[in-house]
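Colleague: So the chains spell out like this:
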Amino acid sequence: MSNLESAFLLEMMGITKQFPGTLALDDVQLQVRCGEVHALMGENGAGKSTLMKIAAGQLKADRGEVLFDGKPVCFENPAEAIDAGVSMIYQELNPILHMTIAENIFLNREPTRFRGLLVDRKKMNQEAAAILKKYGMNISPQVKMIELTIAQMQMVEIIKAVTFNAKIVIMDEPTSSLDADETENLFRTIAELKERGISIIYISHRMEEIARICDRVTVFRDGRYIGTREISEINRPALIKMMVGRELSDVFDKVPVRQGEVVLKVEGLTRNGVFQEISFEVRAGEILGFAGLVGAGRSEIMKSIFGLDPYDSGEIIWCGKPLTIRSTAEAIDHGIAMVTEDRKKYGLVLCRSLYENIGLPNLKKQQRRLFINHKANNAKISEYAKKLSVKASSLSVEAVSLSGGNQQKVILAKWMMASPKLMILDEPTRGIDIGAKHEIYKLMCQFAAEGMAIIMISSEMEEVIGMSDRILVVHEGRLNGQFHRSEICEGINLQEMILNKALGGDK
Amino acid sequence: GASGDADGEAAKDGSAIKIGILQKSRSDQYQILLNAAQDTALAELKSCGKIADFLQVDADTDVQKQLNQADDMIAMGVSVIIMSPVDANGCAPIVDKCKEAGIPIVIVNSKTSNVEDATAFVGSNDVEAGEIMGNFIADQLGGKGNAKGNVLQLEGDIGNSAQIDRDQGLKNTIYKEEGATVLESLSGKWLREEAMRITEDWLQKYPDISAIAAENDNMGMGALNAVINAGRKDDIVIVSVDAIEDAKLSVQAGELDATVLQDANGQGTGSVDVAFQIASGETYEKNTNIPFVLITKDNVDQYL
Amino acid sequence: MSMQAKQTEQSFDLALFTRKYGILMILVFMIVFLLIASPTFRTLQNTINVLNQISINGIIAIGMTFIIISGGIDLSIGSMIAVASVVTGAVLAANPGNVVFAVVLAAVACGLIGLFNGYIISKFDMFPFVVTLGTQLIFRGAAYVISDGKSYVLTSNAFKEIGQGKLLGAIPYSIIVLISIAFIGFVLLSRTKYGQYVYAIGGNLHTAVASGVNVFKIKLLTYMMMGIFTGIAGVILTSRVNAGQPSIGVGYELDAIAAVVIGGSSLNGGIGTIPGTVIGILMIGVINNGMNLMGVSSFYQQIVKGFIILGAVILDIMISRRKSK
Amino acid sequence: MSMQAKQTEQSFDLALFTRKYGILMILVFMIVFLLIASPTFRTLQNTINVLNQISINGIIAIGMTFIIISGGIDLSIGSMIAVASVVTGAVLAANPGNVVFAVVLAAVACGLIGLFNGYIISKFDMFPFVVTLGTQLIFRGAAYVISDGKSYVLTSNAFKEIGQGKLLGAIPYSIIVLISIAFIGFVLLSRTKYGQYVYAIGGNLHTAVASGVNVFKIKLLTYMMMGIFTGIAGVILTSRVNAGQPSIGVGYELDAIAAVVIGGSSLNGGIGTIPGTVIGILMIGVINNGMNLMGVSSFYQQIVKGFIILGAVILDIMISRRKSK
Ligand SMILES: Nc1ncnc2c1ncn2[C@@H]1O[C@H](COP(=O)(O)OP(=O)(O)OP(=O)(O)O)[C@@H](O)[C@H]1O
Ligand SMILES: Nc1ncnc2c1ncn2[C@@H]1O[C@H](COP(=O)(O)OP(=O)(O)OP(=O)(O)O)[C@@H](O)[C@H]1O
Ligand SMILES: [Mg+2]
Ligand SMILES: [Mg+2]
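Protein chains in written order, with my numbering: chain L, 1104 to 1610; chain G, -14 to 289; chain A, 10 to 334; chain U, 10 to 334.
Covered stretches of chain G (chain U as the covering partner; in silico rule of three or more C-beta atoms under 8 Å from a C-beta of chain U): (1) 1 to 14; (2) 165 to 172; (3) 175 to 186; (4) 207 to 218; (5) 230 to 237.
For the record, the hints were derived by calculation from the structure and aren't laboratory data. Note that CB positions come from ideal geometry on N, CA and C, so glycine has one too.
Input sequences plus hints: build the corresponding full structure.
Modeller: Okay, here's the thing in structure tokens:
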């Protein structure tokens, strides 16, 4: 292996890709060595996913050259890329929901019998079970994908990609919905692949991951190539400067806000089998963090409060008065907004313009008249889009054409425009670049200062600790512990304490 | 019937006459024969220079389509229109429109509700067809007044004028027989496979069937298939209307008991003759009745 | 910055319009061809003819645009027309003077029928295709039961005017109805909250729900509106053929769907415009009229129409793809 | 934990089977009701009769199951049947002895027609609904052109046997054909790679593409198979009615789609089974036969059928919802 160390497995030179209204890639390059873990970094919309889709045969470049294993290639479709040894985990999860785990993993390479005539299901399930076990998943391979949590689906996607016997595995934000354990699992896998001389391209917005597992990093900004560095030779601020183009001060600049009245009080809220006896309150100006492991049920609690899901018992007291919420419309009317974790499903109408997306929940409020005043409406929408620095050629483009992070900003803009009394943010910075994160944190503080109550669910411990006035920990559908900002400041190892509670400690 | 002159006295020059045909359908077996007869007659007129041209459009049994086609034809300014109406009521406006536009119209095959406003009518009376069927069945089941047995009726598309009239004809005859019972009537929608399916179920349900009256041959043939497959042809009389090719062959082979001939040739040629007479200013018959003929094994050969 | 540039012009969606341009070009091309090929096509009378002929399909297609944008489909149109026809017929047969009552009752009946479709579809979250495949049979059967299979002969002259009369002796009323409904549809779809919600529901039902849209109500409204429009179309058709018939209207949904799809709406929902549908309607009208004028036999008419539907949609896809790549 | 429980039993999908259970119960209930209510229904002869009657719709529905699972739909079935019928008719009219040639030619012709559908749908990535709405007109027109609108009188006794003959004088050949095709369909769908790809394409096209599945080929194959099955059904129908007719088969696609949907397939694609479809086919066959035996009038037959389609699907949805919550 060592003699191959310097040779490039994948070389992409002078790649240019134009989308209508957007030059996504402008003469960029990427060189990946054999057996290295190569990080690809950049702000949202920098063109990372686009370049990777070109490498995997999903998209075709307008210009440029791709060398794979030293030979020039031009993949017409993913099948050719797979055959050549390129496999990819896509940023947007795409499992086939009504097929089993085994069928998903082995799609297009099913073991067969009778000279390839019939699928050998027994063998397929056995092999799948073995693989699942190896990756620490204690699930039958015959369970349908639709029954899995997002994290489990993500693990299956990862397993699928790494078992292709590829020479290079592209991972586009694989950890965005994984918890710590699963992330560790993935890192072990990556180390193993590396051992076998397989190259990995790793895209993530999480600095600490990059620092831990990557050998080199290539940075893009606005579709242009900025540079490639050895990880060992670059520090965090320098890397951020490469990505953002300027220095960033402390990410979390939380300003303390004087807290007002209790906005929402929840008592004994229960949804059978999902969460039990949830009681808490949140005040105007307060940022309330919800910590816990993925799958602990935090999202479900909030979905019930927002009227997306029903609840079985318990009481919601809104601004001092009891309130029954039967639909999201009622919640919105009362001034509750929620940014859900599943942006494609609950956040965006992909085939419509950004104007329409941002305007959607705000139409009722905008005017009581019969007809929409598009001009006034759109002016206001643009204002919010600018506030969140949404990167798009125009606000009349369809939401589908935006990069993942920018889509998230559009959703934030849509709910900020509703100026709610309570904003529930479920993983608000998932997939968002460091610069934008910074802006979102700032906005959160600003809105809190204006008297908005904010509930933030986050699986990123740093974020919860850095932003919250108070932190509630959820374990298996029950509240298990509370931490105040004052404790946070005392500098004890809070992270460890929260994790302990999240794992069910002290019960 | 009465005779009359075409609008205006001018005997038109042959080179200016353009005849437009509004066909009801090109897929209905009877209409195909009618269309063909018209086509032959028109082609002959054209080849000897008596008319300049002719144009045929087919409504595919859709009333609105026929209305649209009539509009288009009026806009084109043909000299005379021959129409085989899709529907008695639905196509009545066409007659009015032609009158308004000053274009003579000859109705062929079946009547519109305002047929008296049309320039001329060439056709047969469908009630008569039903009566012929009914009488034939009565004869087979013991003679008029003494007929005994169970009868089943396969109806066409409900609401269609041929269905209504043929049904009326049956009501006038076999329904009135004291000894005979019409057990059931279901719509086979003029379709062979539908009629066959219904008949199969009837054959399961009724052990004793004496006759089946089908309002067209297509359904009659379907019923016949089912009856033959059940091995009960000897017990069951089947009669239908139209005298399409395979019905006649079947009569000849002694399977189908009878079919009622609606004279497509007579209607087709007759309608073209009348239209030409009108267009060229000659005198013409306002009402031409082309009678139905019962075809049985005895006389089938002369129609093949 | 580029955002600012486009900020000024609004509401009228240029991108979508250019996407529609392709189909408009085909229509123009067809019209030019016919203007040259057929002397009759050139006449004013024929233009009025075409407009008159498309009015019924047009009215239905406007309603169908809403349905399709909302992510649905309605196969029960033909049967609804039959219900409208026999209801009108029954009222007028009883009393030929009751024209207004007959028309209103037909529209209300079809509106309720549409409501029934909408209720089942949204209540049980079922495929509109399946639901209307079933209700289509029910409504057709109901039309037969109401009329006992017979056709009502209509004698009211006032009623006849609706479908056959002309304003100032020149412009058929039915065209005026179509234009009004198209205009109402345009305003509803592009200028009201309801319209925005229809797009949102069709584009992503979950997001619409999570954004506080009352999906149940919007779907109900949309199918009810489809019913009312179909009722109106049914009344015009009944007046045009001057008879109330239970067998009328078979297959009318398919022409309407074809018009909507030719006009650029997506059967996935979320995409479509009224101007696009109007182009689709005109296209189908011009094809039918043109082929009659050219004396194309009905066998070939079907074939030509089939190819034109395919061709129009393929061309449209290729044009809009080229633009997006 | 509940996941673990499922680990032991194999390939036969219990979850799906229980989901289907609801519809099976309805079928059983209907049969029991008819057994009590109708003496005729009890006879063996009538059972054979029903099986014989469903064979044509059944063969089509098997093909349609593949189409619908792959996320498509085919509205051109009725027209394809007409093509099969006139092709058979034309060959046999020329030479009544050419039975084998006629049958093969009809199947091949429909296979090619299906290929055409599949090519346009996958090549231009178009909605199958729109494409087959267009091609349906083309194929029907072609059937008329081939036959010049006439119906072929068939005299070959050998040919007549196909649709009307019985093995050992008891079991109609058409049932045997249906059972064979259903079996082939079952194996193809649940035991082969091709079947896996059909599910994958319908379940998530993008993922199928990203996994290297040759979507183009699979779609082509699926529509071609639909064509061949329809060709076979068309031949049987032609033999049953003993005539080659261009007007035959109108609306057959709707009955087939109804059977598939009643059988639990999702019009979104990705979900469905052959046993489910077989239940759907039986259900429609039993409804049709039962109503004739009970002497339900033509008007009410439609209404009842409509309600049963709705009811079956609604009940199925409610049962499977309750189970999943
Ligand atoms: N299908 C498309 N049509 C038009 N524009 C597109 C399309 N896909 C991507 N873009 C644009 O190309 C640019 C690069 O997008 P890409 O998804 O590659 O960004 P990214 O670096 O992966 O961002 P993120 O970190 O948010 O995932 C963005 O400006 C995006 O809006
Ligand atoms: N559609 C569903 N049907 C059944 N169970 C579900 C469904 N969605 C989620 N669950 C279950 O509900 C529980 C909560 O899941 P969820 O992932 O929302 O938790 P969370 O704490 O919000 O995690 P995250 O960090 O992903 O937001 C899990 O046990 C999950 O398996
Ligand atoms: Mg990306
Ligand atoms: Mg969650």
